[in-house]
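Using the hints, position chains D, A and W against chain G.
Protein chains in written order, with the UniProt record's numbering: chain G, 1 to 346; chain D, 1 to 346; chain A, 1 to 346; chain W, 1 to 346.
Hints were generated in silico from the structure; no laboratory data involved. Keep in mind that this is a model prediction, so the values were computed, not measured. Just so you know, even glycine gets a beta-carbon here, dropped at the ideal spot from N, CA and C. You may find that some hints are simply not true.
Unchecked claim - Dumping the calculated DSBU-like pairs for lysine-lysine here, alpha-carbon to alpha-carbon at most 30 Å: (1) Lys280/D x Lys205/G; (2) Lys280/A x Lys280/D; (3) Lys205/D x Lys280/G; (4) Lys49/W x Lys205/D; (5) Lys280/G x Lys49/W; (6) Lys205/W x Lys280/W; (7) Lys49/D x Lys42/W; (8) Lys42/D x Lys205/A; (9) Lys280/A x Lys205/A; (10) Lys49/D x Lys280/A; (11) Lys42/A x Lys49/G.
Claimed, not checked - For the chain D half of the interface with chain W, some residues (derived, Cβ under 8 Å), not all of them: (12) Met1; (13) Thr2; (14) Val3; (15) Ser179; (16) Tyr183; (17) Ser184; (18) Thr187; (19) Met189; (20) Ile191; (21) Ile192; (22) Asp193; (23) Pro237; (24) Leu239.
As the list claims (entries may be wrong) - With the C-beta cut set under 8 Å, the calculated list includes, among others, these residues of chain D facing chain G: (25) Asn124; (26) Leu175; (27) Arg293; (28) Thr312; (29) Val341.
The chain contents come next:
4 protein chains.
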Amino acid sequence: MTVRVGILGATGAVGQRFIQLLDDHPTFELAAVTASEASAGKTYREAAKWRVDTPIPDDVAEMEVVETDPSAVPDDVDLLFSSLPSDVAAAVEPPFLEAGYVVSSNSSNDRMAEDVPLTIPEINPDHLGLIDVQRDERGWDGALVKNPNCSTITMVPTLAALDRFGLERAHIATLQAVSGAGYSGVTSMEIIDNAIPHIGGEEEKMETESRKLLGSFDGAELSLHGADVSASCNRIPTLDGHLENVFAELSEDPSAEAVREAMHDQPSADLHSSPDQLIKVFDDSEPERPQPRLDRTYANGMGIVAGGVQTTTDGVKYNCLAHNTIRGAAGASILNGELLVEDGWI
Amino acid sequence: MTVRVGILGATGAVGQRFIQLLDDHPTFELAAVTASEASAGKTYREAAKWRVDTPIPDDVAEMEVVETDPSAVPDDVDLLFSSLPSDVAAAVEPPFLEAGYVVSSNSSNDRMAEDVPLTIPEINPDHLGLIDVQRDERGWDGALVKNPNCSTITMVPTLAALDRFGLERAHIATLQAVSGAGYSGVTSMEIIDNAIPHIGGEEEKMETESRKLLGSFDGAELSLHGADVSASCNRIPTLDGHLENVFAELSEDPSAEAVREAMHDQPSADLHSSPDQLIKVFDDSEPERPQPRLDRTYANGMGIVAGGVQTTTDGVKYNCLAHNTIRGAAGASILNGELLVEDGWI
Amino acid sequence: MTVRVGILGATGAVGQRFIQLLDDHPTFELAAVTASEASAGKTYREAAKWRVDTPIPDDVAEMEVVETDPSAVPDDVDLLFSSLPSDVAAAVEPPFLEAGYVVSSNSSNDRMAEDVPLTIPEINPDHLGLIDVQRDERGWDGALVKNPNCSTITMVPTLAALDRFGLERAHIATLQAVSGAGYSGVTSMEIIDNAIPHIGGEEEKMETESRKLLGSFDGAELSLHGADVSASCNRIPTLDGHLENVFAELSEDPSAEAVREAMHDQPSADLHSSPDQLIKVFDDSEPERPQPRLDRTYANGMGIVAGGVQTTTDGVKYNCLAHNTIRGAAGASILNGELLVEDGWI
Amino acid sequence: MTVRVGILGATGAVGQRFIQLLDDHPTFELAAVTASEASAGKTYREAAKWRVDTPIPDDVAEMEVVETDPSAVPDDVDLLFSSLPSDVAAAVEPPFLEAGYVVSSNSSNDRMAEDVPLTIPEINPDHLGLIDVQRDERGWDGALVKNPNCSTITMVPTLAALDRFGLERAHIATLQAVSGAGYSGVTSMEIIDNAIPHIGGEEEKMETESRKLLGSFDGAELSLHGADVSASCNRIPTLDGHLENVFAELSEDPSAEAVREAMHDQPSADLHSSPDQLIKVFDDSEPERPQPRLDRTYANGMGIVAGGVQTTTDGVKYNCLAHNTIRGAAGASILNGELLVEDGWI
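Same shape as in the complex, but just chain G:
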């Protein structure tokens, strides 16, 4: 089975990562790349300033870029990936949905909307059921699915694993890579020999998205998880890979070993891009792991790596890490696309 896919905003940093990850994908066949009006009509090679560490796939290089408009995208495209800036996405996604396209979007707009599924396929695949609610309410033929922010996705699989012990509260400090801000988002003058303890909007995303992802869907309505989540976000001089320190307050009193087992046993999904082992867990013998440069490519950048699990007086503390531009962005949208196909929405 082949699914024809398109990329909205294909020339940007995440758009390039989509193209890299879709190369040789067994199911998805890239059939359309869109960009702003200024790029329409050019070949992709001309339109994009390619910066990914593997060459542009030859066939994509010669593909014609079209405008980000439903009328410009072929009708036989079944699935669109979107990595537009959130203000652009807020304006552009609705027309595609009205026109009947299924959109798997990495853009931050509408993530918390009550009728928009925010999904990590290994964690809350059932939330896709919200698509029915969404179609009812909005009258769309298409469907809109979102994946969470890169810093949220890094920790949520570990929090899901902890929830069997009664997750009540989580305090998280992040050490985030510069690529999360886009190619030009952090200047070298800002970050060499430095760290920046603030990333605009990031803390709120972590605090709200995580409660939605861990929430429950009864077929009609989604309830947020009751845990209280509080985050402090820092930018540090790493290229890729978000590292996070988590302090979790639990109602039960598990041992560090029980927590490691719960993380290790957290099920993965049976999808092409899902890791065999969702969470790789380092034990006490390697307390200095995970580290961004050494662990960000685990499972081709789609895995979560945890370590440093220790009990505290009110629960546990530990560290977790994921590749922010693969598992945390383009790879997350592609994985949601795979789930949409698997569950028959496409």
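Chains D, A and W only, in chain G's frame:
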């Protein structure tokens, strides 16, 4: 008034910082520099591989290094600063104390001993009274005073300020500079494009030392503060300046503004090396501060800088920063020395 | 004597450095700060995003920013410093010169014009005589003086010292700091764990400006120096300080010691901002110096530091270093301003 | 055909790279790993602190480490790779050669010995003929072949390509990665926000080894190439990949295009680890390449990448780059091993 001082372990990284900070000190006159047997008899210039960013003071350069032994240090030296590795210090400090020297030590041994004052002059100067207990118990003529670890000292002044709102629990994540591990402690292969979520022994130091510093001394015995402290320590690619994210649980419910005021009003000490304003607080208009490279030299590296104060459901979160090799090491010992003089122990 | 000065383009990165360096200057009193129309009317504090590592001087913070136009600058300003982008400077400097202002400019336009003095006060102060030629030819009441590019200024004092041995050819490789590209010129994604062997236009600047600086002025015409200069320019992950490897072909055959002496003896100028010792020279005992982080602040950032001098079969090789945004930009213009005053042009 | 190989000094940084590169090698089967006496008897997993970015191959992990002594290595091992420190290698290699082993060594001792071939298979494979001379003179049954230093190997293929235009002189500045100094060779305090213009012994290696590699062997004696080579070596904050700026003086006067063609046409070798295209050349449209992080993995780290070719008044200048721990160390020795097999020495 002039106090003749010596430095135990004067050729190492912290030893060099002592020499830099003591240059032009109004009260302390450097009269002795000690090192291992191999260096004894050499001039300081010959013995030390000088790496501080200002030149060796001329008079110190020509000073003769003596062995780290009471018999080698002139009797008229009133105060010794120590920055020896903790295992060396544990062996070497007692003979000096028996010989009657007053020692202000940055070494980590004995910091938690019941009869050893662990002091930050602006926070718990009264703990110096433990010296009487110490002399009673150990039969020393001298006196041993310790300053806390660099990561502890960064946060404790802010926690002290918060305690008026009932500090019950603190979760802290640190982003620590490589200089904290000594000149060769972190290799470039380890830290370029990377972060390391573990520093051996550091978390425990933060968790125990902070409770002693915030504890109360009734003239006979010291009670630890009741707050629960839990830390996760990370090394990042910065040269100097530890940045920390603090999540504090409070019994009261202050506004962010009230917390900023409490920090701003936290009193400094009337000592030469104390800042006029102990804690500099950035408000909401500059949420991206403090930053290590921009803020570590506040008050000549002796100040604390805080920012990003926000309320949470159970208290507040905020960030704080201090220069780890000045306020967090050599400067801390010198400041304790100034307090010892001020309070008449010398 | 007090000279009232203004800064054209005062809110940019170099403009901020001008303000920092002019604070407490014994002769120059800052009387006007200009910026683009959008900033005119604001206070300097409002108009500038201040990023220098010392606070904005209080009096400057409250100064009103005026438009970069002769009619907006008070008539009693005697000297203008300019750090505008070269295309803006090319349009804006002439009206000021026609209006009679003396302009000491760091902008790269017109540096190679035959009637514009390009000066390093310690090296070719006599080239200021070109002002007479300039006034004759252009009919200006004012005067335009340029300082060279940051990478040029780093090596030229050492080449001048070598010229006593007959400088015939120089090959230079640069290791340049990111601040040379302006605050946002180099992104962190470009430079972490990387180097970039190209800086647009930089090589040509080094090759032509150096020959003008080392050239001779006979009172009427300036002859370029006959040496052949060839450069390769690299950007590396340092914040400040350009390091350069020079291979010089000489007609004579001096020893390394003779070359070091020539550099050490290269005279400085008797101006406020000139170092006492123009070139600090490391000898064989410290072959690993100069280094950007350790040596860029020599002489408050206005000195040149050299080292690693070794003979080759056709001359010598050595390394040199200067602070690119002080000696290489704002400081260079201020120093030219001091020379203009000293020589009576103001 | 399978060749049983061993690694002398298998637990060090280069030793680990050997193991990584030999995994899945079509011809070489790892049969022995040696280390110092302290490690003998342990499994490789126990003995090595593994730091390479792929896991230890399972079979190697369980292999028993033996002492670095001919009596401890099985007789049926045909080829030994060596990456011992040069002083250790100088003592240890001769006994292995006397015992009849063929040794392909990355250690720097004996590289310039008159009867030891120093080879890059694509450049001077005929120099292997020196083995006959070596056996005659030394009475060895074995054979010793060396590969050059990492900084030498980066430029020599490009110099070989240039030699058709009459290479007379080369000035080279290097920007070398920290991995070249070994895992702990460069501390983070030395190199963050810094560069070091000196690497002990490196310049001389580049100046002498290159003339031997480009020299001619008449079957009996090797003549050094007549070109004069002068190098300045710098350490910069990159992890892997040496970048070099070359200024070459030529007797002919080729265009930049002719030089690019010569480099592009420089033949590779028909060996497993040789790239299809030995030198990848960027043209004028991408003057900012090659860059360490973007280009070091070209041809699995075994290729050379060049760019920025421009004519000068006496020849050309250009930049070149290679992966220092693959093409510049372990990969170079393995490639020499492949040549030894191909030419029938094993």
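Cross-check of the supplied hints:
At roughly 29 Å between alpha-carbon atoms, lysine 280/D and lysine 205/G fall within 30 Å of each other, so this suggested pair holds. Of the pairs offered as hints, the one joining lysine 280/A and lysine 280/D is violated, with about 38 Å between alpha carbons and a cut-off of 30 Å exceeded. Distance restraint check for lysine 205/D and lysine 280/G: the Cα-Cα separation of roughly 29 Å lies within the 30 Å cut-off, and the hinted pair is therefore satisfied. Taken as a hint, the lysine 49/W and lysine 205/D pair is honoured in the structure, with Cα atoms around 28 Å apart against an allowance of 30 Å.
In summary, the hint linking lysine 280/G to lysine 49/W is supported, as the alpha carbons are separated by about 20 Å, within the 30 Å threshold. For the given pair, lysine 205/W sits about 25 Å from lysine 280/W by alpha-carbon distance, which is consistent with the 30 Å threshold. Simply put, lysine 49/D and lysine 42/W have alpha-carbon atoms about 38 Å apart, too far for the 30 Å limit, and the pair is violated. For a cut-off of 30 Å, the pair hint linking lysine 42/D to lysine 205/A is broken: about 50 Å separates their Cα positions.
With a C-alpha separation of about 25 Å, the suggested pairing of lysine 280/A with lysine 205/A holds against the 30 Å cut-off. For the proposed pair lysine 49/D and lysine 280/A, the alpha carbon gap of about 20 Å is at most 30 Å, so the pair holds. The hinted pair formed by lysine 42/A and lysine 49/G fails the criterion: a straight-line CA distance of about 38 Å is larger than 30 Å. Taking 8 Å as the C-beta contact cut-off toward chain W, the hint placing methionine 1/D at the interface is violated, the least distance being around 37 Å.
Taken as an interface hint, threonine 2/D does not check out: its beta carbon lies about 34 Å from the nearest beta carbon of chain W, beyond 8 Å. Annotation: interface hint on valine 3/D violated; nearest CB of chain W at approximately 32 Å, more than 8 Å. Here the hint on serine 179/D is kept, as its CB sits about 6 Å from the closest CB of chain W, short of 8 Å. Proximity of tyrosine 183/D to chain W holds as hinted, the smallest CB-CB distance being about 5 Å (cut-off 8 Å).
Hint on serine 184/D holds. Least Cβ distance to chain W is approximately 5 Å, under the 8 Å limit. Interface restraint check: threonine 187/D against chain W, minimum CB-CB distance 5 Å, threshold 8 Å, status holds. Annotation: methionine 189/D was flagged as interfacial toward chain W, and the flag holds, the nearest CB pair being 5 Å apart, inside 8 Å. Interface hint at isoleucine 191/D: satisfied, since its Cβ lies 5 Å from the closest Cβ of chain W, which is below the 8 Å cut-off.
Interface restraint check for isoleucine 192/D: the shortest CB-CB distance to chain W comes to about 5 Å, inside 8 Å, so the restraint holds. Hint on aspartate 193/D holds. Least Cβ distance to chain W is approximately 7 Å, under the 8 Å limit. The beta carbon of proline 237/D is positioned within 8 Å of a beta carbon in chain W (closest approach about 6 Å), and the interface hint is therefore held. Proximity of leucine 239/D to chain W holds as hinted, the smallest CB-CB distance being about 5 Å (cut-off 8 Å).
For asparagine 124/D, the interface hint is violated, the least distance from its beta-carbon to any beta-carbon of chain G being 24 Å, above 8 Å. Look at leucine 175/D: its Cβ gets to within about 5 Å of chain G, closer than 8 Å, so that hint holds up. Contact between arginine 293/D and chain G, as hinted, is supported at the beta carbon level, the nearest pair being about 4 Å apart and thus within 8 Å. Interface restraint check for threonine 312/D: the shortest CB-CB distance to chain G comes to about 5 Å, inside 8 Å, so the restraint holds.
At about 36 Å, the closest approach between the beta carbon of valine 341/D and any beta carbon in chain G exceeds 8 Å, and the interface hint on this residue is violated.
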